[in-house]
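Q: With the sequences and hints as input, model every part of the structure.
In the order they appear, the protein sequences are chains A and B. Numbering-wise (this note's numbering), the first sequence opens with residue 1 and increments by one. Numbering-wise (this note's numbering), the second sequence opens with residue 1001 and increments by one.
Treat the hints loosely; a few may be bogus.
Capping the alpha-carbon separation at 30 Å, the derived lysine-lysine pairs in DSBU-like fashion look like this [what the hints assert, rightly or not]: (1) B:Lys1319 with A:Lys197; (2) B:Lys1319 with A:Lys202; (3) B:Lys1280 with A:Lys197; (4) A:Lys56 with B:Lys1241; (5) B:Lys1241 with A:Lys201; (6) B:Lys1280 with A:Lys165; (7) A:Lys201 with A:Lys223; (8) A:Lys17 with B:Lys1280; (9) A:Lys197 with B:Lys1369; (10) B:Lys1319 with A:Lys201; (11) A:Lys223 with B:Lys1241; (12) A:Lys202 with A:Lys146; (13) A:Lys165 with A:Lys17; (14) A:Lys146 with A:Lys39; (15) A:Lys201 with A:Lys143; (16) A:Lys56 with A:Lys39.
No lab work stands behind these hints, which were simulated from the structure alone.
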Amino acid sequence: MRILIVDDEQTLLDQLKSAFEDQRYMVETALDGEQALDKLFEIPVDLIILDIMLPKQDGLAVLREIRQAHIATPILMLTARGEINDKIKGLDLGADDYLAKPFSLDELLARVRALFRRSGEQTDSVLQVKDLRLDTVSREVTKGGKPVELTAREFSILEFLLYNKDRAVSRFSLAEHVWGDAFDPFSMSNFMDVHIKNLRKKIGDSGHGIIIRTIRGVGYIIKDEAE
Amino acid sequence: MTVRQKITLLITAAGFISSLVFSCIILWEMLEQPFRIIDSELESTARRAVHIVSGSDGERTPDAISSIGDERYWLEIRDQASGKSIYRSDLAKLIEIPEQDPGSSATISLIIPRGKINLEQDRRNEVTFRVRNSKISLGGRTFLVSVGRPMERLEEEVWDIFIGVISGLTFSVLLLAAISYFLAGFILKPVRIINDQARDISEKQLDRRIPVSGGRDEFNALAQTLNQVFDRLQHAFLRQKRLLADASHELKTPLTMMRLSVDEMRSARDDNPSRLQAEKLARLTEQVLRMERLVKSLLDLSSLEIEGVTTEDPIDVVKILESLIADYHFLAEPRDIDIEVRLPKQLIVKGNAEKLNRAFSNILDNAIKYNVDGGRIEVVIEQSTADHTIKVTNTGPGVAETEISKVFDQFYRVEESRSPRYGGSGLGLAIVKRIVELHGGMVRFESQQGSWTRVTVSLPRHRDKIPA
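A: Next up, the structure:
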C-alpha cells in the first residue's frame, strides 16, 4: 500500500511518514500541489492524505485537479477546524473523508484503514479477530457465530480498536473517537473502563486468549495472536 | 429625572416667574387705578364745591352743594386765611375725620357704631374712606377742601382681583407645563430614536449603523459620532476575534505534531521504557491533549462568534438530552450523583444538532464537575407559549453573587476550580451562550453559594430570523 501525504510542513510530513512506515505502508510526500501532481503521475498510489492549507494552490484546487485527471484514488482531507464549508466542498469535489487538525494518530490510522477497505482493495466489510467478527456495513457483531447485541458506543469502541488492530490505542483517542468534540475526553476517558468492562462481558472476553487487553497507563489493544 | 422632565420643569419655572412678575405689575396697577379714579373724582367734586361756595352768599350754600348730587360725600371746606369751617356736609357733621396735609390723599378706616349712618359696614363696623385734601384758590381766596368718599366693598373687590390673577396664573402655568412637556418630547424624539437604535446595535448587531438624515442639526452630529464609535468598536472587536482565530489556527500544526509524537512514542513501547519514562509520557500526553482541547474550544468559539447563523433543521432536544444523560450517567455514578429527569416526550426546535449537543453537553459536564459527591442534578423542561425552557440544576457549591455576571466570560473559572482536577478551559459557558444566542435564545445562570447552581436555557418557540 502506498500513501501520498501532501502537507506544507516538513516536520509534520516526516512524522506522518515514519508513523505510516511503522505500520508497513510505503509513503511518498509532497510539500505543495504541484509536487503532489508530479508524484501522482510518476508513481501510482493507493491513498492520498491532502492538507487543505497549502501554499501556491490550496488543497481544494489540488483535489479538483486530481479528480479532473480521472484519478480515483481515495483522498482524505486534513482540514482546519471550524471550516465547515470547506469540509462540505471537499466531499462534494470528491474527497472521501476529512479529519480536522489536530488529530490523534490512532484516529488517522483508523480512518486510513477504513478508506482502504471501502476503496475496494478489500471488498470485505468485516473486521475480524479470532472468532469475533464485526461488520462495518451491516453493523452486526458475532462471537463464534452467535450474534452479540452492542450499544452504539460499544460498537464504536470495538470498531476503533479493530481498525487499530495490533496497536495500543490511548484512552483519550478512543474517547475522542467515540464521543467526538462535544465531550471532554478527560471526563470520558475516566469511565472508558466501565464501557470496556461491559463490552468484554458481552463478547465473553475473559480468561485465556483475551481479545481486548488493557495496557496500564496507556490504553487498550486488540491483538490477533495470543501471547 | 429624565431630560424631558427637566426641560418641562425649567420652561415651566421660567414661564411661571415671568408671568408672576407680569401679574404683580398688573395687580399693582389694578389696585392703584381705582384710587386714582376716585381721587380725580374727589378732586373735581372739591373744585365744584369751592365754586359753589365762593360764588354763593353763604345762605344757600348747603342746598347748592347738595346739587352736586351725592349726599354721601364727606365734605369740609375751610377758609385758609381764617381757618374757619365754611361748610360741612351731613356726613361730616356725623363723622370726624382727622385733618391732613393739603394736597394729600389718604385711605382712612373708621369704626362707626352701627345705625349712626346709612352706609354698608363690615362685621367690625368699619367703614373705609378715601379722603382727598386740596388747597384751591379762587377769587382771591384760598380754601382748604377735604372730600371723602366711603369705599364700600373695596376689600372684596381687591380679593376678587387677586383671585382672578392667581387662577389665571395657575391656569397659564399648567398650560405651559403641558405644552413644554409635549414640546420637550417632540424635541427629544430623535434622541430617543438614536438611543433605541444604539442600544440595539450594541446588543445585537454591531455591523448596523444609526441612519443619518443628512441634516446639519445636533442630533445628526450625535448619530454620526456614535456611528464612528461603533465603527471603531466593531473594528477592534473583529480584530480581537480575528487574532484569537489566527493564533489558535497557527497553534494547530505544532500541536498536531506534538500529538503525533506522543502517540507514536506510546505505541512504540516495545523497547520497554522505565516506569519513570512511562509516567512522564502519560503526563506529557495529558498536557498536549489539554492544550489541544483548549485550542479547539478557542477555534470553536471564534468561529461561532464570526458565524451569524445556524442551520435550521428540526431537532429533538429531548433526544439530545437523553443520549447525553445516558453518557454522563457513567460519570455521575462513580461519584454517587443522582440525575433526576423530568422531560416531555419530545421537544422540537429549529437549529443545529451538533451545536445544541455541544451546548447541553457543556452544561451537563459542568453540572457533574462542579457538584459534590453524592449530590443531585435535576434536568427539567418547561414549555410556555413563548418559549421552551431547559433547566439544569445541581447541588454544587455554586458561585458567589458578585461573580455570577462573569460566568459567561471567556476564560472565567471559579477560583477553586483552577486546579487541574477540574480540567476545563473556562470557555464552556461562553460557548454555550454563543450557541444559544445563535438559536435566538437566552441563557441564565443562577446560584446560591454553598447550595445550588442552575443554568436555564430558553429557546424561542417561533424563531425569528437572526440577521447576520
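Q: All the hints need checking, so say for each whether the structure fits it.
A: Here is what the structure says about each hint:
Under the criterion of a C-alpha separation no larger than 30 Å, the hint pairing lysine 1319 of chain B with lysine 197 of chain A is consistent with the structure, at around 26 Å. A threshold of 30 Å between alpha carbons decides the hint, and for lysine 1319 of chain B with lysine 202 of chain A the separation of about 26 Å falls inside it, so the pair holds. A threshold of 30 Å between alpha carbons decides the hint, and for lysine 1280 of chain B with lysine 197 of chain A the separation of about 27 Å falls inside it, so the pair holds. Taken as a hint, the lysine 56 of chain A and lysine 1241 of chain B pair is honoured in the structure, with Cα atoms around 26 Å apart against an allowance of 30 Å.
For the suggested pair lysine 1241 of chain B and lysine 201 of chain A, the alpha carbons sit about 49 Å apart, so the restraint of at most 30 Å is broken. In summary, the hint linking lysine 1280 of chain B to lysine 165 of chain A is supported, as the alpha carbons are separated by about 25 Å, within the 30 Å threshold. Between lysine 201 of chain A and lysine 223 of chain A, the direct Cα distance comes to roughly 18 Å. Compliance with the 30 Å bound is thereby established for this hinted pair. Pair hint lysine 17 of chain A plus lysine 1280 of chain B holds up; C-alpha atoms about 25 Å apart against a cutoff of 30 Å.
For the given pair, lysine 197 of chain A sits about 23 Å from lysine 1369 of chain B by alpha-carbon distance, which is consistent with the 30 Å threshold. Between lysine 1319 of chain B and lysine 201 of chain A, the direct Cα distance comes to roughly 27 Å. Compliance with the 30 Å bound is thereby established for this hinted pair. At roughly 47 Å between alpha-carbon atoms, lysine 223 of chain A and lysine 1241 of chain B are farther apart than 30 Å, so this suggested pair is violated. About 11 Å separates the Cα atoms of lysine 202 of chain A and lysine 146 of chain A, which keeps this hinted pair within 30 Å; it holds.
Pair hint lysine 165 of chain A plus lysine 17 of chain A holds up; C-alpha atoms about 19 Å apart against a cutoff of 30 Å. Proposed proximity of lysine 146 of chain A and lysine 39 of chain A is contradicted: the alpha carbons are some 47 Å apart, above 30 Å. The hinted pair formed by lysine 201 of chain A and lysine 143 of chain A meets the criterion: a straight-line CA distance of about 12 Å does not exceed 30 Å. For the given pair, lysine 56 of chain A sits about 17 Å from lysine 39 of chain A by alpha-carbon distance, which is consistent with the 30 Å threshold.
This entry does not satisfy hints 5, 11, 14, going by the numbered hints stated previously.
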